[in-house]
Structure formats: C-alpha cells, structure tokens
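Peer 1: Here's the letter readout for the chains.
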Amino acid sequence: METTNLNDEEDRRLEALLQAGLGRPELPDGGFSRRVRRALAAESLPRYRAWLILGWCGLGSAPVLAAWALASAPASELGGRAALLDDPWIMTGVAVAAACAAATWRLASRLR
Amino acid sequence: MESELIRRFVRDGDPRAFGQLVELHQSAVRRFLRHLTRGNHAAADDLAQDTFLQAYRGGSRFRGDARFETWLLGIAYNHFRNWSRSRDAAPVAAANRPEAATPATHRLSDLQRDLAEAMANLSAEEQLALNLVFQFGLTHAEIAATLHWPLGTVKTHLARGKGRLGELLALWKPRT
Chain A
6 METTNLNDEE DRRLEALLQA GLGRPELPDG GFSRRVRRAL AAESLPRYRA WLILGWCGLG
66 SAPVLAAWAL ASAPASELGG RAALLDDPWI MTGVAVAAAC AAATWRLASR LR
Chain B
-2 MESELIRRFV RDGDPRAFGQ LVELHQSAVR RFLRHLTRGN HAAADDLAQD TFLQAYRGGS
58 RFRGDARFET WLLGIAYNHF RNWSRSRDAA PVAAANRPEA ATPATHRLSD LQRDLAEAMA
118 NLSAEEQLAL NLVFQFGLTH AEIAATLHWP LGTVKTHLAR GKGRLGELLA LWKPRT
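Protein sequences appear in the order of chains A and B. Residue numbers for the first sequence follow my numbering, beginning at 6 and rising by one. Residue numbers for the second sequence follow my numbering, beginning at -2 and rising by one.
Looking at chain A on its own, in the form it has when it is part of the complex (with noise of 0.2 Å):
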C-alpha cells in the first residue's frame, strides 16, 4: 500500500487508526451470487431458445408418434422388441424426447 509520507510519526500513527478503522469486514453472500447466477442464465435463455422448442415439441410429440406406430404396427409385431427398435417413427420419437431432456438439463443446470 502507498502512504504519503511514511517518515512523520503522526502521518504513520494516523495510518495505523485508519487500517484499523475502516479494516475490509466481509459481507455474507447472503444469496446475492445466487442472484447473479441466475440473471446471467436469463441473459443467456434466447441462445436456448431453439433447443427448447426443439426438445418440448419432442416431449409433446413422442407419445403420440409412439402410439401411432404401436396402433399401426402388426398384431404378430406387438410386444416384440426388435420391431419397435426398427420402427422409424418410434426412433425418432425417442431421439426427440431425449434432445429435449438434454436441452432442458442444460437450462436447468445454468440456472442452480
């Protein structure tokens, strides 16, 4: 720290009162970098705003798709496994849903 003149007595004792004085006390966070956080992430929302779409169209849609395809589907198909893994449409209905559980962890974890 620069002092202005360190060779007067008095100038050193008055030094020494105001380092003590004022001192630096710390404030409690106090939820205010919670605050912050949570501003920047509302700041940050318009460049997740496609991937939300994205993902809660997907949540939307792959319910119906799958059960589009599963009332479409064959008797002889129903209940097996390998036929609802080559059904495209129950595919992409999962590959959607699962854009979106991905973009709305992102948001949710910017936002904590």
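Honestly, the hints are just simulated from the structure, not real lab data. Warning: the hint list may mix true and false statements.
As the list claims (entries may be wrong) - Simulated DEER-style distance windows between Cβ atoms:
#1 B:Met(-2) <-> A:Gly35: 21 to 31 Å
#2 A:Glu15 <-> B:Thr153: 37 to 47 Å
#3 A:Arg54 <-> B:Asp107: 52 to 62 Å
#4 B:Leu21 <-> A:Ser49: 14 to 24 Å
#5 B:Ser0 <-> A:Gly28: 17 to 27 Å
#6 B:Ser57 <-> A:Pro51: 11 to 21 Å
#7 B:Ala156 <-> A:Leu57: 36 to 46 Å
#8 B:Met(-2) <-> A:Glu15: 33 to 43 Å
#9 B:Asp43 <-> A:Ala25: 58 to 68 Å
#10 A:Leu57 <-> B:Gly10: 20 to 30 Å
#11 B:Gly149 <-> A:Glu48: 31 to 41 Å
Where is the CB? At the ideal position from N, CA and C, for every residue including glycine.
We have chain A already, so just place chain B on it with the hints.
Peer 2: Just chain B, lined up with the frame of chain A:
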C-alpha cells in the same frame, strides 16, 4: 486459484469460473457500492448485479493490467455514476455513516465510530480516496484508473483528507 479462474473466464468464457469469481469478489464490490450509495443496500446490490453482468459480457476486455477486483470496482463506479445522474444525486458519496458500511449486527468500536464522525467532515472525494486506500487496498494509480481521476488529483485528495483527519484525530485515544 483466482488466476486460474480468471484465465478460464477470460479465455474460455467459462460461466462456472465466473460464478466462483462472483463469490470471491461480491463482498468488495457490494461494500464499495454501499459506501457510494450512502448505505442504500437495495440500490447497491442492484448496481453490483449490473456490474457483474457487464463484467461477464466484457470479459474479453480484461487485459490483466490491473487486479481483477480493481477492474470490477471501475465498472461498479461507472454504474454508480450513471445511477446517480439518473437520480440527480451527488456523483460520489457525501457521507461515511458507520451504519452504512457495517452490518447492523456488528457493534462499532470506539475507533470506528469516532473515525466515521471525523470522516464526515471531509469532502466526498477525500472520503472516497481514503476508503479505497485503507479499506480496499488500492494503490494511487489504481484509484486513478478506477475513478478516472488524474493521479495528481488522487494524491491531492488523499493528502488533504489525511491532513484534515490528522487534525481531528490528533488527540484520539481509546475510551476507557
């Protein structure tokens, strides 16, 4: 530790590193703004939030010439000046009320109380310069950079402030 966080934030824009830097420096930035806003805690915290948001956006502009905390205090002071202009308030703090700088639960010592009373006799600029030296540990050059004052002005305010305080506290002794 801190230098690694700064490197991750500035080079990679790592939000988690920045979050840790907020935790490290929130106390200094909020205390500085509480002093400037004369103990208006709500306004100080709003300004502190704006300060950190701007720091996050402009992280690439941090060159490392100054300490990270000094850089943050400079941003905080700019936000305070804009805020005080919008409120038509004085550009720097005019009072150094002890309750403004310390938590309500913290009992003030005789020295803190007497020093606060003596500081109230100084100009706002003298108070600010003295606080930045003795409370925040800034050098004269750092104060000049933070407040956008010429170095000579910083030295003048410090010398005048200390001279006046020297007179006021010449006979100071702890009360018994």
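Peer 1: Broken hints, numbered, in rising order?
Peer 2: Numbers 2, 7 and 9, in rising order.
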